[in-house]
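*Asks:* In terms of numbering that gives the first Met the number 0, the sequence shown is residues 0 to 195.
Hints are not guaranteed to be accurate.
[Stated by the list, open to error] Subject to a maximum C-alpha distance of 27 Å in a straight line, what follows is the list of computed DSSO-like cross-link-like pairs (lysine-lysine): (1) Lys139 / Lys192; (2) Lys192 / Lys83; (3) Lys139 / Lys83.
I should point out that these hints are in silico values taken from the structure, not numbers from a laboratory.
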Amino acid sequence: MLSAVPTRVLTVSVLLGALVAPGTAAAAASARPAVGGSAVRLLPAGAPAADSPASVRAARPTVPVVREAPADPAVRAEADRLMKLTHRQFAAVRHAPPFNWTTDGCSVPTGLLPYSEVFRPACVQHDFGYRNYGGNHELKLDPTRATKNWIDSRFRTEMRRICDDRYPAAGRHRNCRRAADAYYAGVRIGGDKAFF
């Protein structure tokens, strides 16, 4: 029962991993717990301790904004050039550092398995975009919504190009375009976790 605990000192083990951005362990360690009524809240380091629950200041935990160092302009320019290539041109490029060239191919929406190999060249280029511009890998060239949307749009463009080249007959072409639209919708709706 918290009311029996003195309001000046309270030792509480708090797991902050979900509340504090990576790299801010020092900021988390400097926060100290305070008791107010029946709730435990974090007060910023240096905040005065309260003598009574009514006078405890409520402090919302904040997540500091961690800014990355700006990307090398030459690296960014080269990544932009690579992303603007057609899927065929991109496939012919030598995999040079500092870029992340790993790929998991195409994640396949249910019912569209036959297109995973058809769209593989576009998926590889899309993976390059997410792994080099996004926030989950080393370079983090531009982990913004606008950049994710641009990479997803390039993905759709290249899948449509594949459909145009591979399926000239109207019926198969239409089915391929529909599959491309489904893959595109999948990354637009479900790609945030992979990108940000």
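*Asks:* State for each hint whether it applies.
*Replies:* Right, here's what the structure says about each hint:
1. Lys139 / Lys192: With Cα atoms ~14 Å apart, lysine 139 and lysine 192 stay inside 27 Å; holds.
2. Lys192 / Lys83: holds (23 Å)
3. Lys139 / Lys83: holds (18 Å)
Of the hints listed earlier, there is not a single one the structure fails to meet.
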